[in-house]
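2 protein chains.
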Amino acid sequence: MTLPELQALIRETYGAKDASRGVEGTFMWFMQEVGELATALRNGSAREKTLEFADVLAWLATLANISGVDLDQAIAAKYGAGCPGCGKSPCACARAEKP
Amino acid sequence: MTLPELQALIRETYGAKDASRGVEGTFMWFMQEVGELATALRNGSAREKTLEFADVLAWLATLANISGVDLDQAIAAKYGAGCPGCGKSPCACARAEKP
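Residue numbers (our numbering), protein chains in the order written: chain A, -10 to 88; chain B, -10 to 88.
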């Protein structure tokens, strides 16, 4: 699945609800799922981790949809030409450097 | 770009650093970017929002990489057959329900 297909899938399934909820309400849902991902990463099964990653990614796609952001273009703009810090791939930034 | 291509791009660029940082350290980087996304969503320009979405998605891909999770399979498993709550697309869950 491509990133545009992901955004379209989430828009098709939840677009009507998403548009009326707004950014603030959607961000709270996103954060709830981030919390559940943290729980799964600490002591969840492989399946639990997988499903929580799906939820966080789905809510990130919703946030992007209602914010008018194209995730595919975003990744290309920031990471399409190597690390945004050092311009290389693999990244050659110092370990303490972001990222 | 497909989700496997996204995970491969991030692995190629940051895989060596990611493997040695571990889940806890990576989760803190992810959360820092989530905070920056919140700031951009509140009062950032379109470009700032785009770049912060890219960072959150990149760190989510890193977390998935070091956790052995395939984001493409995760989305298919959770959202590939309609809303996981009601089984329909568009979702027909009550508005207060977890969508």
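Hint data in this document are derived by calculation from the structure and do not stem from the laboratory. Quick caveat: nothing in here was measured; it's all calculated off a predicted structure. There's no promise every hint is true.
Since the list gives no way to pick one copy over another, a pair counts as held whenever it fits inside one copy or between any two copies.
In silico EDC-like cross-links for lysine to aspartate or glutamate, where the CA-CA straight-line distance does not exceed 16 Å [as the list claims (entries may be wrong)]:
{"hint": "1", "residue 1": "K77", "residue 2": "E25"}
{"hint": "2", "residue 1": "K6", "residue 2": "E37"}
{"hint": "3", "residue 1": "K77", "residue 2": "D61"}
{"hint": "4", "residue 1": "K77", "residue 2": "E22"}
{"hint": "5", "residue 1": "K77", "residue 2": "D59"}
{"hint": "6", "residue 1": "K6", "residue 2": "E(-6)"}
{"hint": "7", "residue 1": "K6", "residue 2": "D59"}
{"hint": "8", "residue 1": "K6", "residue 2": "D61"}
{"hint": "9", "residue 1": "K67", "residue 2": "E13"}
{"hint": "10", "residue 1": "K77", "residue 2": "E1"}
{"hint": "11", "residue 1": "K67", "residue 2": "E25"}
{"hint": "12", "residue 1": "K77", "residue 2": "E37"}
{"hint": "13", "residue 1": "K77", "residue 2": "E13"}
{"hint": "14", "residue 1": "K6", "residue 2": "E25"}
Consistency of the hints with the structure:
For a Cα distance limit of 16 Å, the shortest separation of K77 from E25 qualifies neither inside one copy, at 34 Å, nor across copies, at 24 Å. With identical chains, the CA atoms of K6 and E37 are never at most 16 Å apart, being 26 Å at best within one copy and 25 Å at best between copies. When the C-alpha separation of K77 and D61 is checked against a cutoff of 16 Å, the pair qualifies neither within a copy, at 20 Å, nor between copies, at 26 Å. In the homo-oligomer, the alpha carbons of K77 and E22 never lie at most 16 Å apart, since the shortest distance is 33 Å inside one protomer and 21 Å across protomers.
Taking the shortest alpha-carbon separations for K77 and D59, neither the intra-copy value of 24 Å nor the inter-copy value of 25 Å comes in at or below 16 Å. For a Cα distance limit of 16 Å, the shortest separation of K6 from E(-6) qualifies neither inside one copy, at 19 Å, nor across copies, at 30 Å. For the identical chains of this complex, K6 and D59 are neighbours neither inside a copy (19 Å) nor across copies (27 Å), given an alpha-carbon limit of 16 Å. For the homomeric pair K6 and D61, neither the shortest alpha-carbon distance inside one copy (23 Å) nor that between copies (24 Å) is at most 16 Å.
Taking the shortest alpha-carbon separations for K67 and E13, neither the intra-copy value of 25 Å nor the inter-copy value of 24 Å comes in at or below 16 Å. Taking CA atoms no more than 16 Å apart as the test, K77 paired with E1 passes between copies only; the shortest distance there is 10 Å, against 37 Å inside one copy. Only between protomers do K67 and E25 lie at most 16 Å apart by alpha-carbon distance; the minimum there is 15 Å, versus 27 Å within a single protomer. With identical chains, the CA atoms of K77 and E37 are never at most 16 Å apart, being 34 Å at best within one copy and 22 Å at best between copies.
For the homomeric pair K77 and E13, neither the shortest alpha-carbon distance inside one copy (36 Å) nor that between copies (25 Å) is at most 16 Å. Taking the shortest Cα distances, K6 and E25 never come within 16 Å of each other, neither inside one copy (22 Å) nor across copies (25 Å).
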